[in-house]
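Throw the hints in and build the complete structure from the sequences for me.
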Amino acid sequence: MSIAQNLQAFTCPLPLRDYPNIVMGHGGGGKLSRDLVAHLFAPTFDNALLAPLNDQAVFALNDARLAFTTDSFVVKPIFFPGGNIGELAVNGTVNDLAMSGARPLYLSAGFILEEGFALDDLTRVVYTMGQAAKRAGVQIVTGDTKVVEAGHGDKIYINTAGIGIVPDGVNIAAQNARAGDAIILSGAIGLHGIAILSQREGLRFDSEILSDCAPLHDLVAAMLAITRDIHALRDPTRGGIASALNEIADAAKIGIEIDERAIPVPRDVASACEMLGLDPFYVANEGKLIAFVPDEIAPRVIEAMRSNPLGLDATIIGHAVAQHSGMVVARTPIGATRIVDMMIGEQLPRIC
Amino acid sequence: MQSLDSFRDEARVRAVMEQLARVATREWILMEVCGGQTHSIMRYGIDQLLPKQIELVHGPGCPVCVTPLEVIDRALAIAARPDVIFASFGDMLRVPGSTTDLFQIKAKGGDVRIVYSPLDALQIARDNPGKQVVFFAVGFETTAPANGMAVFQARREGLKNFSILVSHVLVPPAIIALLGDPENRVQGFLAAGHVCAVMGYREYEPLAEKYRVPIVVTGFEPLDIVNGILACVRQLEAGRAEVENAYPRAVLREGNVAAQKLIAQVFEVCNRKWRGIGEIPASGWRLRDEFRDLDAEQKFDVGDLRVNESPLCISGLVLQGRKKPNECVAFGKQCTPAKPLGATMVSTEGACAAYYRYARHTFAVVSEQ
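Just so you know, the sequences run in chain order A and B.
Residue numbers for the first sequence follow the numbering used here, so the first one is 1 and each next one is one higher.
Residue numbers for the second sequence follow the numbering used here, so the first one is 1 and each next one is one higher.
The hints are simulated quantities; they were obtained by calculation from the structure and are not laboratory data.
Treat the hints with care, since some could be wrong.
Derived pair list, reagent style EDC-like, types lysine to aspartate or glutamate, alpha-carbon separation capped at 20 Å [as the list claims (entries may be wrong)]: (1) A/Lys76 - A/Asp168; (2) B/Lys333 - A/Asp154; (3) B/Lys108 - A/Asp154; (4) B/Lys333 - B/Glu309; (5) B/Lys52 - B/Glu237; (6) A/Lys76 - B/Asp111; (7) B/Lys339 - A/Asp35; (8) B/Lys131 - B/Glu157; (9) B/Lys333 - A/Asp250; (10) B/Lys106 - A/Asp154; (11) A/Lys76 - B/Asp120.
Please read these numbers as outputs of a predicted model, since none were measured by experiment.
Below, the structure is given as structure tokens:
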């Protein structure tokens, strides 16, 4: 069969046929991104490790279980309140490893630089990456540099890949979440997205909100010290907690019920969202996690999380249920219910 | 000013619901005019808590939804031009035209930018003197002052590269059209608080009197909405038909007089076609003749456009409150927010999108997954 015929042969070509060109939403972490992965990448690269579509692949090599992941960073602006693209590139990949329970070990760093980009700025970015790697206890052991003509990139794009070791007895994956699980959120949402937005050119919105960009593997280690029985973890980056919860509901074939009032939204984030017509549930975070754990051990897990500086506000936001499989339903502030849907397209482009 | 949280308080909302249950002795059908209110009703699940005898039907007050397809196509034709920067509120980007949408124009190299205010578009024009900057000025009376201000400033600064594509619509003529329809079922209206914040509510007084229908100026938070419903039902039960202000923290009877003056300087009333409803006399604003050089429709000859509506879409009936979104055969099947057939499924203020996004667990629909 020709490539064209193969392309026709996908299980459901509809979402791709709707868009003859890539639109920004394909990179937004919502439904369009998911369609692209599910209908193009996954069936083409077809293998058992990729199929679960977690943020990392976990596999055995000799006696060790390794986690392996990669992530690209195109955030705009590259310097933002509370961090920069370099720090994000290290922490983002560290967190993708940590969400499998892995202890991150080694990272690669690939740089795509635009002709004319100020070396001072590159130095700041690289220096922060070094600091972030030290903080996370990982080494950046290999890398690559490419330069594109002025106008063909936007200052700097970074790709990082990472490898970590998954401790024995740990088996964390979205599809392992079960009805009855308590859902724990590690802290307040919306900080990274609103911090970026406050810096964006053209949006004259003044805010002191700092990105929550941070490595989460120590927090995960503290949780694993209490129990190995953590079912699923996600760091709700692009698409926010709404998309992360929908992905887990979908992967595990469970329903999810959350209480809107239990979800910590900082007052500044809430007002910024009111002003801009955004829903904080869809705004990106870079230093938060969502955990699915058996209900009976949830209080002890939360206690352990609260002893870590990144988990001080950890709290139960809801439960996994057997009903309405694949659907996230929230109890609204006035005591009714509503669906919390997967994001369509994107809310804010180039957030990470 | 109280914090918004107090307007979303379960106990306070329930207390009003209990009063409502005591006051309403029979069935009443009310329409919330504004899409922002529809969104709030579905977002918070207000409809689930209402006493059974109160039915809400959703009105035409979603500017994205009622913008005619030919205007969308005109916008797309202008946005695709290489000499143009096209600025729009984010909601308009996903509205399907006959063949494409603004996102896809952008993907093919069109310079389409999301702005939060027409004054941001004006700034883009100042910063890009070599480009024509066009702002897509859709909306009800609420957005007219800012659009008028952008035009006013562009004229004052002598900016030659700024124009707006106008599709302004007005609430009172739409209410008249609905009430004049022999199939009308609506017995009371919740008027749109933000529109009234600009225009005041004097213009509704003759309507309430002529058509013997209560009109209650209503806000957007859950407590505002249930208070608006309660006020409306009290009038109906008492046989009264008056204009009442249940949103006094934002609305005065006179409205914002300075904004009204600016609007009158820049815009004039015209007939306007509403998507899915048809032409309503004197239901829109266009730029006055003296501002025609700032009118994108005059500036860009995009020719006669032939439009092509989906035969399945019943958005017109939804916008008139004659059908609920879940009564459409395409709802949640051929038509979802990811692949909308009509504008009511696109905008966050569209009734179909609100039903799909927030409430499809409350009625049986085959989801697209």
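Here is what the structure says about each hint:
Restraint check for A/Lys76 and A/Asp168: the C-alpha separation of about 39 Å exceeds 20 Å, so the hint is violated. Restraint check: the Cα-Cα separation between B/Lys333 and A/Asp154 comes to about 40 Å, which exceeds 20 Å; the hinted pair is violated. Annotation: proposed proximity of B/Lys108 to A/Asp154 holds, straight-line Cα distance about 18 Å (limit 20 Å). The suggested pairing of B/Lys333 with B/Glu309 holds, with an alpha-carbon distance near 17 Å, which does not exceed 20 Å.
Taking the CA atoms of B/Lys52 and B/Glu237, the gap is about 16 Å. The hint holds against a cut of 20 Å. This hinted pair checks out: A/Lys76 and B/Asp111 have alpha carbons roughly 18 Å apart, not beyond 20 Å. Note on B/Lys339 and A/Asp35: the hinted pairing holds, with a Cα-Cα distance of about 13 Å set against a maximum of 20 Å. Between B/Lys131 and B/Glu157, the direct Cα distance comes to roughly 16 Å. Compliance with the 20 Å bound is thereby established for this hinted pair.
Only pairs whose Cα atoms come within 20 Å are accepted, and B/Lys333 paired with A/Asp250 is accepted, the gap being roughly 19 Å. A threshold of 20 Å between alpha carbons decides the hint, and for B/Lys106 with A/Asp154 the separation of about 17 Å falls inside it, so the pair holds. Of the pairs offered as hints, the one joining A/Lys76 and B/Asp120 holds, with about 19 Å between alpha carbons and a cut-off of 20 Å not exceeded.
The structure does not agree with the numbered hints 1 and 2 stated previously, though it agrees with the rest.
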